[in-house]
Every structure is written in structure tokens, then in C-alpha cells.
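Chemist: Listed below, chain by chain, are the residues.
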Amino acid sequence: MKDYLELNELQLDALKEISNIGVGNAATSLSMLIGRKIQLEVPKATLAPFSKIVEIIGGAEKEVAGGYLYVNGDIPLGILFFIPREQIPRLLDLLFGKMQTKIDYDKQGGLQLNEMQESALKEIVNILAGSYLNSLGIFTKQVFIPSVPALSVDMAGAILGQVLQSIGNETDYALIIENVFCAEGEQINGYFFLIPEPETLDLLLKSIGV
Amino acid sequence: MSSEPIKIGIAELKTAYSPATLLTAGLGSCIGLCLWDPKIKLGGIVHIMLPDSTLGRNVTNKAKFADTGVRLLIDELCYRGANKKRLVAKIAGGAHMFAMQSNLEMLKIGERNIEAVKKELELQKIKLIGEDVGGDYGRSIEFFTEDGQLLVKSIYKGVKLI
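Order-wise, the sequence lines are chains A and B.
Numbers in this note's numbering are just positions in the first sequence, counted from 1, shifted up by 272.
Numbers in this note's numbering are just positions in the second sequence, counted from 1, shifted up by 53.
No lab work stands behind these hints, which were simulated from the structure alone.
Glycine residues also receive a C-beta, built at the ideal position from the N, C-alpha and C atoms.
Any given hint might turn out to be false.
[As the list claims (entries may be wrong)] Using 25 angstroms as the maximum straight-line C-alpha spacing, the simulated DSS-like pairs for lysine-lysine come out as follows:
| id | chain 1 | residue 1 | chain 2 | residue 2 |
| --- | --- | --- | --- | --- |
| 1 | A | 334 | B | 67 |
| 2 | B | 115 | A | 394 |
| 3 | A | 379 | B | 115 |
| 4 | B | 213 | B | 115 |
| 5 | A | 324 | B | 137 |
[Claimed, not checked] Over the 12 angstroms line for every Cβ pair with chain B, so calculated as not near, a few chain A residues:
| id | residue |
| --- | --- |
| 6 | 324 |
| 7 | 403 |
| 8 | 446 |
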């Protein structure tokens, strides 16, 4: 069993590359869905204590839509997809066309998505994560079967805290591979996080020979 | 003379004397446990992430778990002059962030965190005098060491003082 802190530079690069291939695939799917080109940024790998990891997404109180999928099986891992709250209307516009999107807010300013908007966001998470996992599976010769996506629009720290507890019994650090993409013309930044469990690292790295 | 609040991140613990304000942002399934000694106006927060340290592998950070976190905060406060018998507790958090979706056992960690913290407080004979727990939304808390009041903020439910 490996701890994140034992990873060397080459292995971190390999993980970034795996994630990048997955996101490339996911972006192609999204591009087909919304009919626009998607640009990808160079992936970043961050290894940090739990208390610091939330800084990379703009602080604990930043409002985001977070979609989460958990993959059980031989190589357990989590996939978390974030979109900043202010970008949700734009993403829905791209999906449904501008006239269709009316977003409600409650008295406190919290986003009130209707059923269709919520399931559209979940579907996006599903498509992105599905194509991400597909390419991850081809690359590592594994079969990944994800859970149904769970969605929450809330503070980033609250969502991340919930997700990180899947690895919390094993470690005090999180390794997060971050991929950012933008839809051409409309600035939509999606953050994709691959969260491998410590026991997953060995298997993941072995399957690609590093 | 209020200065910048002291921030406590996930799985961290901090204590301070009046008039300091302690702040922990973005509690989801995690629990913010606040203990306060009214006589010397010393307070502390521990940001608890998981219910049970016996399930942990090489537990280096005691603040991460409910059982060890509660005890660590008591020790820390007593070390700085608090009397355990005077300590009172308030808790916030323990939400279920992905409501209605998926029956994954791990996503129910919020409830288990609440139970574990309450159980340990009872064991330590510390009185729980305020709580804002559960639900399906995130919370940020500010704990005022001057009067022991706890401000709970959320996107969906507004602000309340407990």
C-alpha cells in the first residue's frame, strides 16, 4: 500500500497524463453535446493536507455545483466535477438555448434549480465522467463501473469535505488531479478532480508500468 | 477591538481567548465542535471529519476523528487554563450533502459524525447547549470567545445565532 507522499515526479506526471486523456475524451463528448469546441488546460496535480486542498478551488465558501461519482471494484476511486455557481446559467444556456433557461433564486440568494435543470446537470456529470472512465479503462485495461451521479450546489468546502472522507481513514493528504476546460466563446470553467484512494495508486500505476 | 478571525481548516483544531473569533468555513458532513469555558472566556473549535479513530490507519492527526478530536480539544483547553467541569459545547454540521441521491453508505457519514461527537461529549460529561446539525446543506460557523455565541451561516437557510 502506498501513501501519496511516496509518489515521485514521474509517477505524478503519469497520473496527470492518465487524467488528461480521460478529460480529453470527456471534453469531446461535451463538445458534441453543445456543439462547440472545448479547450483544455494543462492538468495540475496537487498534493496537500486536507486543510489546504480547498484553496485550489477558490476557498471553502465558494459556491459550486459539484457532481460526484464513486467507482467501486478493484481500483476504487472518486471523480468530482465542479462548476462555479455563476457559470451554471451559461452551461444550461448552451444545453437548452438561451430562451429556455430561467433560473430561480431563493430569498437568501441560493440557486433553486428546477427538476429539469438539475437532471441536466447530472446528465452532464454522467456523460463527462462516463467518457472519462472509458478512456481510463482502455488505458489501464480495467473496467470501471461508476455509481449514479450525486449532485449538490453548495459551498465547495462542504462538498469536498464530504467527498474526501472516502480517503480520510487512510491518510491526512489528498492527491487531486485538476483539469480545467473552457467552452469556446463562452467561458465555462469545469474542474475535474480524480481522487484515487491510496490503495488504488499502486494498481493504477502498475497498470501503466510506472 | 475585534481583529481578523482565526481560521480552522478541515481536520484542524485551534483555541483562543476572548475577544478572538474562531471561524471554520464550509462544513458539510464534517462537524464543527465548539467548546467554551465561560469563566476565563477561552474557546476552541475542532473541525471533525470522521466518526471513529479506530478505523483509521496510522492516526497521526487526532483532530480528524470524533472520539480523539473531542478529547484533544478538551486537553488543549485545559492545558491553557480551562476547567473541564465548566466547559460547554455547541456543534454544527453533519449534513448529508448529496441528498436523495445514491445509497452509498459513505455518503451517510454526516449522521455518524453527529452521533459519535454526542457520544464522546456524554462520555466526557460535557453539556451540549446548542446545535445546528443535519440537513443537506453546507454551513460556515463563527464562534465568539467573548460570549460563547455561535453564528451559523448557510447559502440556503440564512444566518442564525445559537
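Chemist: Now, for every hint given, state plainly whether the structure supports it.
Modeler: Hints, verified against the model:
1. Among the hinted pairs, residue 334 (chain A) with residue 67 (chain B) is consistent with the structure: their alpha-carbon atoms are about 23 angstroms apart, no more than 25 angstroms.
2. Between residue 115 (chain B) and residue 394 (chain A) the alpha-carbon distance is near 36 angstroms, which puts this suggested pair outside the 25 angstroms criterion.
3. At roughly 39 angstroms between alpha-carbon atoms, residue 379 (chain A) and residue 115 (chain B) are farther apart than 25 angstroms, so this suggested pair is violated.
4. For the hint pairing residue 213 (chain B) with residue 115 (chain B), the CA-to-CA distance comes to about 29 angstroms; that exceeds 25 angstroms, so the pair is violated.
5. Using a Cα cut-off of 25 angstroms, the hinted pair residue 324 (chain A) and residue 137 (chain B) is violated, with the two alpha carbons roughly 31 angstroms apart.
6. Not every CB of chain B lies more than 12 angstroms from the CB of residue 324 (chain A), the least distance being 7 angstroms, so the non-interface label is violated.
7. With a minimum CB-CB distance of about 20 angstroms to chain B, residue 403 (chain A) clears the 12 angstroms threshold, and the non-interface call stands.
8. A Cβ of chain B approaches the Cβ of residue 446 (chain A) within 12 angstroms, the least distance being about 9 angstroms, so the stated non-interface status is violated.
Violation of the numbered hints given earlier is confined to hints 2, 3, 4, 5, 6 and 8; the remaining hints are satisfied by the structure.
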